[in-house]
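Q: Each chain is listed here by its residues.
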Amino acid sequence: MSSPIRITVRLFALMADRAGQREIPLSLRTSRPTVADALAVLHDLFPAIPWPTGTMLALNQSYTTAAAPLTDGDELAIIPPVSGG
Amino acid sequence: MSSPIRITVRLFALMADRAGQREIPLSLRTSRPTVADALAVLHDLFPAIPWPTGTMLALNQSYTTAAAPLTDGDELAIIPPVSGG
Amino acid sequence: MDSIRLQNQPLDVVAAIAAVTCPEAGGINLFLGTTRAESGGGGGGDTNSGGAPQLLALDYEAYEPMALAEMHKLLAHARSTWPITRAIIWHRLGRVAIGESSILIALSCPHRAESFEACRYLIDELKKSVPIWKKEIFTDAARWQMEK
Amino acid sequence: MDSIRLQNQPLDVVAAIAAVTCPEAGGINLFLGTTRAESGGGGGGDTNSGGAPQLLALDYEAYEPMALAEMHKLLAHARSTWPITRAIIWHRLGRVAIGESSILIALSCPHRAESFEACRYLIDELKKSVPIWKKEIFTDAARWQMEK
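Chains as they are written, first to last, in the numbering used here: chain B, 1 to 85; chain F, 1001 to 1085; chain A, 2001 to 2148; chain C, 3001 to 3148.
Just so you know, the hints here were simulated from the structure itself, not pulled from any lab data. Small disclaimer: the values here were computed from a predicted structure and weren't measured. We put the beta carbon where it would ideally sit given N, CA and C, even for glycine. Take these hints with a grain of salt, some might be off.
Claimed, not checked - Incomplete in silico selection of chain A near chain B, CB under 8 Å: (1) Ser-2039; (2) Tyr-2063; (3) Pro-2065; (4) Met-2066; (5) Ile-2098; (6) Glu-2100; (7) Ser-2102; (8) Val-2130; (9) Pro-2131; (10) Lys-2134; (11) Trp-2144; (12) Glu-2147.
Said to hold, decoys possible - Residues of chain A placed beyond 10 Å of chain C at every Cβ, according to the derived structure: (13) Leu-2006; (14) Gly-2026; (15) Asn-2029; (16) Gly-2040; (17) Leu-2093; (18) Ser-2101; (19) Ser-2108; (20) Pro-2110; (21) Lys-2128; (22) Phe-2138; (23) Met-2146.
Unchecked claim - The following residues of chain C were derived to be distant from chain F, with all beta-carbon distances above 12 Å: (24) Ala-3037; (25) Gly-3040; (26) Gly-3051; (27) His-3091; (28) Ala-3097.
Let's have the full structure, built from the sequences with the hints guiding it.
A: Below is the structure:
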């Protein structure tokens, strides 16, 4: 049995407003956890977070996909549709 | 027999430098003179004026062609290739 | 030589032009994105009607380290495509009033066509991939762009 | 509201941006054409060789009333194509040193794509049709662009 890994989930804009939090520490007990595993835990903890069409994911400040593996200390950011410029 | 019309020819840049003049008064005695008639007289008076490929003509500050008719008091400008900007 | 930053202060056009001016440049292109007056408010739809709520300002938030990293990536890609001599990308954060600028991109190239193309590329791509979000502050409510 | 002029004084970028800024604008595009350092001199051809004459400055001459009229025509045509809110076209005459600007075009539009396209149109067309000429002043000689 593998030991849990700890990651930080970062929320922004509408998502942070609705969750009432901008940084959420998560412990993942799955063996070889992926981004998708972290998102499943996040949805359990914060079922009301809106998830606009086009929301992307970033791991340690680079865009990533749901299949990417996570390691201890990772920063997973949920990137709702951007509107800079 | 028609009376002569008087026009002013304006030269710029290289053409003005070579002609040593920027404004040349011309009298045209041809009946119903055109821009082409004025250019023929200009070439007779200033055979050394260079005529770069792409030189255009303007009558009273609007682009024109050699076939345009001239009337007394007209300003005919010889526009060598432009290089503004 | 290049300058990429996120800032709360107003964008300084003179500093931007000075930063990209150099003897090797033949053309400088500068783009400013400005907050446009708008009416409609929280519900959207009914624009320009007399009593509709008016837009007061935009409020920008960024995932700062990633936004800077993405801006650097965009500029690196632009440099691999066009012969950019100097470039700056400055984005404001926080409150930006109507008529003020939220983004300033300025760059110089040996020739003008390149300067237009590279600047256009940078603003178009920035709007797609750089994690910055704007909240619209209307007279009656505030809403995130993504809520439209 | 629009401003079109020929001037001997240096081009003022701050005044240009101020002139085109307005609440209806979402994007401002500005183009500056700058005098680029160059070597080659009177004979052309042999560029970048060590002892080659260096470009010192450009010297601009215009057929002023027609140049202004053509600039107004270009802007009128641009306005019939893009929803330009405000525009300026300023061209310098006389001596323009390396690194200085000879042309400044700035305009605002509701959206950014329009601002890029309209500004690009104006500079491209200005270079084709507006009766302005530049003389290149090298360390060893001066020559008109058309003598190349």
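Q: Closer than 8 Å between Cβ atoms is the bar; does Glu-2147(A) clear it against chain B? Give me holds or violated.
A: holds (6 Å)
Q: Minimum C-beta separation from Lys-2128(A) to chain C exceeding 10 Å: can you confirm that?
A: holds (13 Å)
Q: Hint Glu-2100(A) vs chain B: min CB-CB distance below 8 Å?
A: With Cβ-Cβ at 14 Å, over 8 Å, it is violated.
Q: Does Met-2146(A) sit more than 10 Å from chain C, CB to CB?
A: Fine: 18 Å to the nearest Cβ keeps Met-2146(A) off the interface.
Q: Holds or violated: Val-2130(A) as interface residue toward chain B, Cβ cutoff 8 Å?
A: holds (5 Å)
Q: Is it correct that the beta-carbon of Gly-3040(C) has no partner in chain F closer than or equal to 12 Å?
A: holds (16 Å)
Q: Can you verify the interface hint for Ser-2039(A): is its Cβ closer than 8 Å to any Cβ in chain B?
A: This hint is violated: Ser-2039(A) lies away from chain B, its Cβ roughly 19 Å from the closest one there, beyond 8 Å.
Q: Does Trp-2144(A) pass the interface check with chain B, least Cβ-Cβ distance below 8 Å?
A: Nearest chain B Cβ about 4 Å off; hint holds.
Q: Over 10 Å to the closest beta carbon of chain C is the bar; see if Ser-2101(A) clears it.
A: violated (8 Å)
Q: Confirm or reject: Phe-2138(A) is not an interface residue toward chain C, with every Cβ-Cβ distance exceeding 10 Å.
A: Holds, because the least Cβ-Cβ distance between Phe-2138(A) and chain C comes to about 15 Å, which exceeds 10 Å.
Q: Quick one: work out the minimum CB distance from Gly-3051(C) to chain F and report holds if it exceeds 12 Å, violated otherwise.
A: Check passes; 27 Å lies beyond 12 Å.
Q: Does the claim that Ala-3037(C) lies outside the interface with chain F hold up, using a Cβ gap greater than 12 Å?
A: Holds, since 17 Å exceeds 12 Å.
In the structure shown, a violation is registered for the earlier hints numbered 1, 5, 6, 14, 15, 18, 19, 20 and 27, in ascending order.
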